[in-house]
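Keeping the supplied structure of chain A fixed, place chain B upon it in accordance with the hints.
Protein chains in written order, with the working numbering: chain A, 6 to 444; chain B, 6 to 444.
All the pointers check out, no bait thrown in.
Pairs count within a copy or across copies, as identical chains cannot be separated in the list.
Derived DSSO-like pairs: lysine-lysine, alpha-carbon spacing no greater than 27 angstroms straight-line:
| id | residue 1 | residue 2 |
| --- | --- | --- |
| 1 | Lys-18 | Lys-166 |
| 2 | Lys-413 | Lys-434 |
| 3 | Lys-349 | Lys-18 |
| 4 | Lys-139 | Lys-18 |
| 5 | Lys-36 | Lys-349 |
| 6 | Lys-413 | Lys-433 |
| 7 | Lys-356 | Lys-166 |
| 8 | Lys-269 | Lys-36 |
| 9 | Lys-349 | Lys-169 |
| 10 | Lys-269 | Lys-42 |
| 11 | Lys-387 | Lys-428 |
| 12 | Lys-202 | Lys-303 |
Just so you know, these hints were derived from the structure itself, not from any lab.
Number of protein chains: 2
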Amino acid sequence: MTKYLPLGGDGMKSVRIAILGFGNVGQGVWKVLTTNKEEVTRRSGYEIEVAKILVRDINKTRDIDVPKDILTTDPEEIFDDNSIKIVVELMGGLNPAKDYMLKAIEKGKHVVTANKLVIATEGTQLFRAANKQKVMLCYEASVAGGIPVIHGLNESLTANKIEKVIGIINGTTNYILTKMTREGMDFREALKLAQEKGFAEADPTSDVEGYDAVYKLSILSSLAFGTNVSVDSIYREGITNIEPIDIQYAGEFGYTIKLLAIVKDENNSLEVRVHPAMVPSTHPIANVNDSFNAIFIKGNAVGDLVFIGRGAGDLPTGSAVVGDIISILRSNLDLSNGANTKMKQEQIEIKDMDETECEYYIRISAKDAPGVLGEVTSIFGKNNVSLSSVIQKGEYTEYVPVVYITHKTLERNIRKSIDAISKLPSIKKVNNIIRVEKF
Amino acid sequence: MTKYLPLGGDGMKSVRIAILGFGNVGQGVWKVLTTNKEEVTRRSGYEIEVAKILVRDINKTRDIDVPKDILTTDPEEIFDDNSIKIVVELMGGLNPAKDYMLKAIEKGKHVVTANKLVIATEGTQLFRAANKQKVMLCYEASVAGGIPVIHGLNESLTANKIEKVIGIINGTTNYILTKMTREGMDFREALKLAQEKGFAEADPTSDVEGYDAVYKLSILSSLAFGTNVSVDSIYREGITNIEPIDIQYAGEFGYTIKLLAIVKDENNSLEVRVHPAMVPSTHPIANVNDSFNAIFIKGNAVGDLVFIGRGAGDLPTGSAVVGDIISILRSNLDLSNGANTKMKQEQIEIKDMDETECEYYIRISAKDAPGVLGEVTSIFGKNNVSLSSVIQKGEYTEYVPVVYITHKTLERNIRKSIDAISKLPSIKKVNNIIRVEKF
Numbered sequence: 006m007t008k009y010l011p012l013g014g015d016g017m018k019s020v021r022i023a024i025l026g027f028g029n030v031g032q033g034v035w036k037v038l039t040t041n042k043e044e045v046t047r048r049s050g051y052e053i054e055v056a057k058i059l060v061r062d063i064n065k066t067r068d069i070d071v072p073k074d075i076l077t078t079d080p081e082e083i084f085d086d087n088s089i090k091i092v093v094e095l096m097g098g099l100n101p102a103k104d105y106m107l108k109a110i111e112k113g114k115h116v117v118t119a120n121k122l123v124i125a126t127e128g129t130q131l132f133r134a135a136n137k138q139k140v141m142l143c144y145e146a147s148v149a150g151g152i153p154v155i156h157g158l159n160e161s162l163t164a165n166k167i168e169k170v171i172g173i174i175n176g177t178t179n180y181i182l183t184k185m186t187r188e189g190m191d192f193r194e195a196l197k198l199a200q201e202k203g204f205a206e207a208d209p210t211s212d213v214e215g216y217d218a219v220y221k222l223s224i225l226s227s228l229a230f231g232t233n234v235s236v237d238s239i240y241r242e243g244i245t246n247i248e249p250i251d252i253q254y255a256g257e258f259g260y261t262i263k264l265l266a267i268v269k270d271e272n273n274s275l276e277v278r279v280h281p282a283m284v285p286s287t288h289p290i291a292n293v294n295d296s297f298n299a300i301f302i303k304g305n306a307v308g309d310l311v312f313i314g315r316g317a318g319d320l321p322t323g324s325a326v327v328g329d330i331i332s333i334l335r336s337n338l339d340l341s342n343g344a345n346t347k348m349k350q351e352q353i354e355i356k357d358m359d360e361t362e363c364e365y366y367i368r369i370s371a372k373d374a375p376g377v378l379g380e381v382t383s384i385f386g387k388n389n390v391s392l393s394s395v396i397q398k399g400e401y402t403e404y405v406p407v408v409y410i411t412h413k414t415l416e417r418n419i420r421k422s423i424d425a426i427s428k429l430p431s432i433k434k435v436n437n438i439i440r441v442e443k444f
Numbered sequence: 006m007t008k009y010l011p012l013g014g015d016g017m018k019s020v021r022i023a024i025l026g027f028g029n030v031g032q033g034v035w036k037v038l039t040t041n042k043e044e045v046t047r048r049s050g051y052e053i054e055v056a057k058i059l060v061r062d063i064n065k066t067r068d069i070d071v072p073k074d075i076l077t078t079d080p081e082e083i084f085d086d087n088s089i090k091i092v093v094e095l096m097g098g099l100n101p102a103k104d105y106m107l108k109a110i111e112k113g114k115h116v117v118t119a120n121k122l123v124i125a126t127e128g129t130q131l132f133r134a135a136n137k138q139k140v141m142l143c144y145e146a147s148v149a150g151g152i153p154v155i156h157g158l159n160e161s162l163t164a165n166k167i168e169k170v171i172g173i174i175n176g177t178t179n180y181i182l183t184k185m186t187r188e189g190m191d192f193r194e195a196l197k198l199a200q201e202k203g204f205a206e207a208d209p210t211s212d213v214e215g216y217d218a219v220y221k222l223s224i225l226s227s228l229a230f231g232t233n234v235s236v237d238s239i240y241r242e243g244i245t246n247i248e249p250i251d252i253q254y255a256g257e258f259g260y261t262i263k264l265l266a267i268v269k270d271e272n273n274s275l276e277v278r279v280h281p282a283m284v285p286s287t288h289p290i291a292n293v294n295d296s297f298n299a300i301f302i303k304g305n306a307v308g309d310l311v312f313i314g315r316g317a318g319d320l321p322t323g324s325a326v327v328g329d330i331i332s333i334l335r336s337n338l339d340l341s342n343g344a345n346t347k348m349k350q351e352q353i354e355i356k357d358m359d360e361t362e363c364e365y366y367i368r369i370s371a372k373d374a375p376g377v378l379g380e381v382t383s384i385f386g387k388n389n390v391s392l393s394s395v396i397q398k399g400e401y402t403e404y405v406p407v408v409y410i411t412h413k414t415l416e417r418n419i420r421k422s423i424d425a426i427s428k429l430p431s432i433k434k435v436n437n438i439i440r441v442e443k444f
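Bound-form chain A, shown alone (with noise of 0.2 angstroms):
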């Protein structure tokens, strides 16, 4: 590999990079690049220049000016060209981002993604050709936008045993839920405005059910533990049950629901899931509303850290980009040393749903009548589950809502309790359950 690369002007070092695809992202990373040139110049000691930028239709109208001989339809350009030596991958979806980025591995360049997809399913593949051909890997943008938690765990906090990471990692669950809470929206409402507003999809599945956050937590749980927590190992549960009855007893208890990614080194065995939580309304995640994310992290040395900022948006996700093409460019294209994170030898066991532990709020319609509830105590006291709180609204109508807070239980045995309580002849419904998380 070239160390020293060809000198720009004032002796200044130049280094010609390529971008693979040109939406949002991709125009947030030139919008920073041309706006923030002379920071991005002296920080990185590079001029950067973008030598390709990979697009569908070049003769596209595009809000922003760029040089139309830079556009190229054929990826091709872009791999045989060894004067590029960084890759920038935006396209987003599986493929074909995955075999681009592995094919610019193959060839010798540094990669650049956003693709939380990719890293979070083909990473373990991809970061074994990078470290092959000693190229980095670089991913910022693909958790949590331009919240700098990806170079937190692998560069700040290495000196750290991490302990727990939670987030609040997907910005349109968390304007629905602030939604929610400040306007007493109910779940639809709030998800058309999120719509309207752009901070969600036509088809919202994606962030509604939990799956994106599911993808982000799995690539935070792999770098903060050092081993592989695929996708499919972790529990997922949306927020398309939360009512606003949930929300308001959750503040009558002091709570703040949230859409929570959590992964907890408990004796050696990861409890990874995402799930809708009650938080304490004090603690300064429960405050972070509207499209904002947020992550937590305890470090065995470090204590409590909170990250807070902008998880998406073009110039909140450039800004991760472009920070990391500048630590390739500050590492002088010379990584000998292999930069991308070391994993452990040994996998980490994941723990069973089951037999992970929680305190629950537990809401349920009860038939009004002696007796009713005496039984649902009776069940959750076999089943070995102690309560903490017991809320009981006198509603003058056949079936009233209960709500109930358990003490630390295991998730079995509110499984085996809500299994038995919905059984009861008195007892219309078991409305919801949501865990609730102390930090």
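The following block gives chain B in isolation, referenced to the frame of chain A:
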């Protein structure tokens, strides 16, 4: 410089380092290196051996079990040992810490320090020496303990033009203000408690008068804006004048009082100041309590970012120091590209405090008589200060407290107004002036 160092067992490279000073932080570093040996070795690619520790007294009884033969009272033993590649300075104070760092650099050793005083006041000379010797000078631990804000500004947010940095970077004052806010203590009581708990020193001047925050802000400002911001150029005001009644009023207006360190780029001229300020109680920073620190950063690409964490303590500071050691090792101890931040060529102007703009909270004791408030309002008007709220609470005494909140105005206008108001015969005293900081 040797690029490849001797291999330890398992083909693992190894490196010898020295620690100068073995107080609280030095012992924290030792604990992190020993407790997290596995993580540190995996992530750095090196086995780290603490070869020497400089102490004042070898035979002093220590809580921590360190082999006596690595303790020394002779610094030259360390500088003259070519096998020692990294020197960690944790002595504190200006000298001999600075001389020792310089000596280590001149001997081609990388330096890691937690010393805010030396970096803030002598940083220019040290970085010049480090760049000349192509060694790294790392100082993550010098600001905000375990929060990776130096790394954030220096590595992750490099793609941004930074617009402002606002921090709670002194844990002692945050602890005192938290006690005053939550438990209604006055300053003296809260200070006494902080001293009892070990959060404040016997002579608390450096913390409560804002000097400590000034050193840290000088470091943050220089890094964020690529220019030297000297300690002397920073406006400073401590928290000793904050009274419980100010905290009460703040609450009524929806604000929380924090000691803030602020640097802002206003049209290519910097506002740099440390003073107590009212911040909106809904902002995540308002909920950062006790001895926790927080840093708010606004970049032109990333938007708003907040980092929250422990600003002091042996292990959080140890986390930052060992993180710096690992960064040096991951660059393979080879820094031909110059890893220290490059400053801008031109110096950025620092705004005169008179020319800064803020909203202001002003509390006065006024005679409860007709026409008094009219006089005050008219003075504000003549000086172009426009008011957004006034609270006067009728108490049946000769003098009543009157509180004003102004719209954004020049400090100069406030000073002129206060000067005139305090001369009015009907005004007993201008009790307090506190800036209101929006984010």
